[in-house]
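**Student:** The task is simple: from the sequences and hints, build the whole structure.
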Amino acid sequence: MFTRHPANPIIWPGVFDWRLAVTFNPGVIRDDEGRFLLYERAAGQLRPFHCYIGMLESDDGVNFTQVGSDPVFTPEMAGSRDGSVQDPRVVKIDDRYLMTYAFRPFAWNSSPTGVSVPESWEASYDAFDGNSAANRTRTGLAVSADGRAWTHDRWLTPIDLDDRDVILFPERIGGRYWMLRRPHEWVGPDYGCDGPSIWITSSSDLENWDTPTLLAHAEQPWEGGRIGGSTPPVRVPEGWLTLYHGVEYVRQIPWVRTATGPAANHVCYRVGALLLDADDPRRVIARTVDFIMEPTEYYEKHGLYIPNVIFPTGNVIVRDELWVYYGVCDTAIALATAPVAQIMDRLVPVEG
Numbered sequence: 001m002f003t004r005h006p007a008n009p010i011i012w013p014g015v016f017d018w019r020l021a022v023t024f025n026p027g028v029i030r031d032d033e034g035r036f037l038l039y040e041r042a043a044g045q046l047r048p049f050h051c052y053i054g055m056l057e058s059d060d061g062v063n064f065t066q067v068g069s070d071p072v073f074t075p076e077m078a079g080s081r082d083g084s085v086q087d088p089r090v091v092k093i094d095d096r097y098l099m100t101y102a103f104r105p106f107a108w109n110s111s112p113t114g115v116s117v118p119e120s121w122e123a124s125y126d127a128f129d130g131n132s133a134a135n136r137t138r139t140g141l142a143v144s145a146d147g148r149a150w151t152h153d154r155w156l157t158p159i160d161l162d163d164r165d166v167i168l169f170p171e172r173i174g175g176r177y178w179m180l181r182r183p184h185e186w187v188g189p190d191y192g193c194d195g196p197s198i199w200i201t202s203s204s205d206l207e208n209w210d211t212p213t214l215l216a217h218a219e220q221p222w223e224g225g226r227i228g229g230s231t232p233p234v235r236v237p238e239g240w241l242t243l244y245h246g247v248e249y250v251r252q253i254p255w256v257r258t259a260t261g262p263a264a265n266h267v268c269y270r271v272g273a274l275l276l277d278a279d280d281p282r283r284v285i286a287r288t289v290d291f292i293m294e295p296t297e298y299y300e301k302h303g304l305y306i307p308n309v310i311f312p313t314g315n316v317i318v319r320d321e322l323w324v325y326y327g328v329c330d331t332a333i334a335l336a337t338a339p340v341a342q343i344m345d346r347l348v349p350v351e352g
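For what it's worth, my numbering labels the leading residue of the sequence shown as 1, then goes sequentially.
Keep in mind that the hints were calculated from the coordinates and are not lab data. In this text, a Cβ means the ideal position worked out from N, Cα and C, and glycines have one as well. Among the hints, a few may not be true.
Pair by pair, the computed Cβ-Cβ distance ranges are [as the list claims (entries may be wrong)]: (1) Ser124 / Thr65: 29 to 39 angstroms; (2) Ala133 / Glu219: 27 to 37 angstroms; (3) Asp153 / Glu57: 19 to 29 angstroms; (4) His5 / Trp121: 33 to 43 angstroms.
In silico SDA-like cross-links for lysine to any residue, where the CA-CA straight-line distance does not exceed 25 angstroms [unchecked claim]: (5) Lys92 / Asp146; (6) Lys301 / Val62; (7) Lys301 / Met1; (8) Lys301 / Val250; (9) Lys92 / Arg283; (10) Lys301 / Gly68; (11) Lys301 / Ala278; (12) Lys92 / Glu321; (13) Lys301 / Val348; (14) Lys92 / Gly114; (15) Lys92 / Arg30; (16) Lys92 / Val143; (17) Lys92 / Gly68; (18) Lys301 / Trp323; (19) Lys92 / Val267; (20) Lys301 / Gly114; (21) Lys301 / Val289; (22) Lys301 / Val115; (23) Lys92 / Met1; (24) Lys92 / Val62.
**Tutor:** Structure, rendered in structure tokens:
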């Protein structure tokens, strides 16, 4: 269904010190003139793994040029120069660009194994006491009038939760902002899910949010132990179409030794889709049963950081196609396209 662009990966790391090691998981939006604005998560090293958000732009959505030599958003702008800003998702509502981003106050050290999830551990900082509970990943909101100059606006999730994959809908629905989130600790009988799942909430002012509602949890083997939102929802005649990711723990690799034991996890990230009600996005109308995209190409299976990962974070509709921008192996950025009609054909109505 999805056609990979022949130039993939369309964006590689390099050139500037802050993006020498990796670039991945981009937010993407088109401005009023039709230009593609892309916001990369990039890092110049893995120890510590400080991530920044850089900006690129393109007239055709394929050939991108770096905007300036510095990041447009940094950990220091979020409140900690020792931290990491990650996985931007970007929408525009009224006259403002809104970027959700994940934030860790103190960046980890990471050591890739080449075949599995990297070994990561707390790095040492003068301002950090080593308490992991104080270094959870929360989500912030940055705003911009022009898509280029960004400022931190507020926190969208509490400090005591690991809450990421937070995504705003690109317009108000019923006069309210709507947001997807993935609180890692909300698991078990009290929450109605066995693993981290997708929740939805709304607000009149971006500050005071309703009690979240469980939207979707893992149901299929390919979704594995957790699912999370991937791309900002796009409006189609049938409702809101949004992509999500599932993480299957394929096996342990016993010959790879880590500090916590002799085995490392070999994972596979795949992509599914949800169709949400146009007027009440808390209601799932349809959902893919099988994945609609999985790692198949060399650059999707082998990379610097985590092998076997495709991670969409940006999408735009171009004519009758969905253009999906995604990180590959947490190393580079790729583009895949599919007719919206074909994606819709893969959706199965949800009973009830």
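**Student:** Each hint should be assessed against the structure and marked as holding or not.
**Tutor:** Okay, the hints, checked on the actual structure:
1. Ser124 / Thr65: 29 to 39 angstroms: Given a distance of about 38 angstroms, which is inside 29 to 39 angstroms, the answer is holds.
2. Ala133 / Glu219: 27 to 37 angstroms: holds (31 angstroms)
3. Asp153 / Glu57: 19 to 29 angstroms: holds (23 angstroms)
4. His5 / Trp121: 33 to 43 angstroms: Holds - the Cβ-Cβ distance for histidine 5 and tryptophan 121, about 36 angstroms, lies within 33 to 43 angstroms.
5. Lys92 / Asp146: Measuring from Cα to Cα gives roughly 10 angstroms; hence the hint holds.
6. Lys301 / Val62: Given that 25 angstroms is the threshold and the Cα spacing comes to 22 angstroms, the pair holds.
7. Lys301 / Met1: Holds. Lysine 301 to methionine 1 sits at ~19 angstroms (cutoff 25 angstroms).
8. Lys301 / Val250: holds (13 angstroms)
9. Lys92 / Arg283: Roughly 23 angstroms separates the two Cα atoms, so the pair holds.
10. Lys301 / Gly68: violated (31 angstroms)
11. Lys301 / Ala278: violated (36 angstroms)
12. Lys92 / Glu321: holds (20 angstroms)
13. Lys301 / Val348: violated (28 angstroms)
14. Lys92 / Gly114: violated (38 angstroms)
15. Lys92 / Arg30: holds (9 angstroms)
16. Lys92 / Val143: Satisfied, since the Cα-Cα distance of roughly 9 angstroms is no more than 25 angstroms.
17. Lys92 / Gly68: Judged against 25 angstroms, a Cα distance of about 22 angstroms means the pair holds.
18. Lys301 / Trp323: Cα-Cα ~21 angstroms, so holds.
19. Lys92 / Val267: violated (34 angstroms)
20. Lys301 / Gly114: Between lysine 301 and glycine 114 the Cα gap is close to 10 angstroms, so the pair holds against 25 angstroms.
21. Lys301 / Val289: Since the Cα atoms of lysine 301 and valine 289 sit roughly 23 angstroms apart, the hinted pair holds (cutoff 25 angstroms).
22. Lys301 / Val115: Measuring from Cα to Cα gives roughly 9 angstroms; hence the hint holds.
23. Lys92 / Met1: Violated. Lysine 92 to methionine 1 sits at ~28 angstroms, over the 25 angstroms cutoff.
24. Lys92 / Val62: Holds - the C-alpha atoms of valine 62 and lysine 92 are around 21 angstroms apart, at most 25 angstroms.
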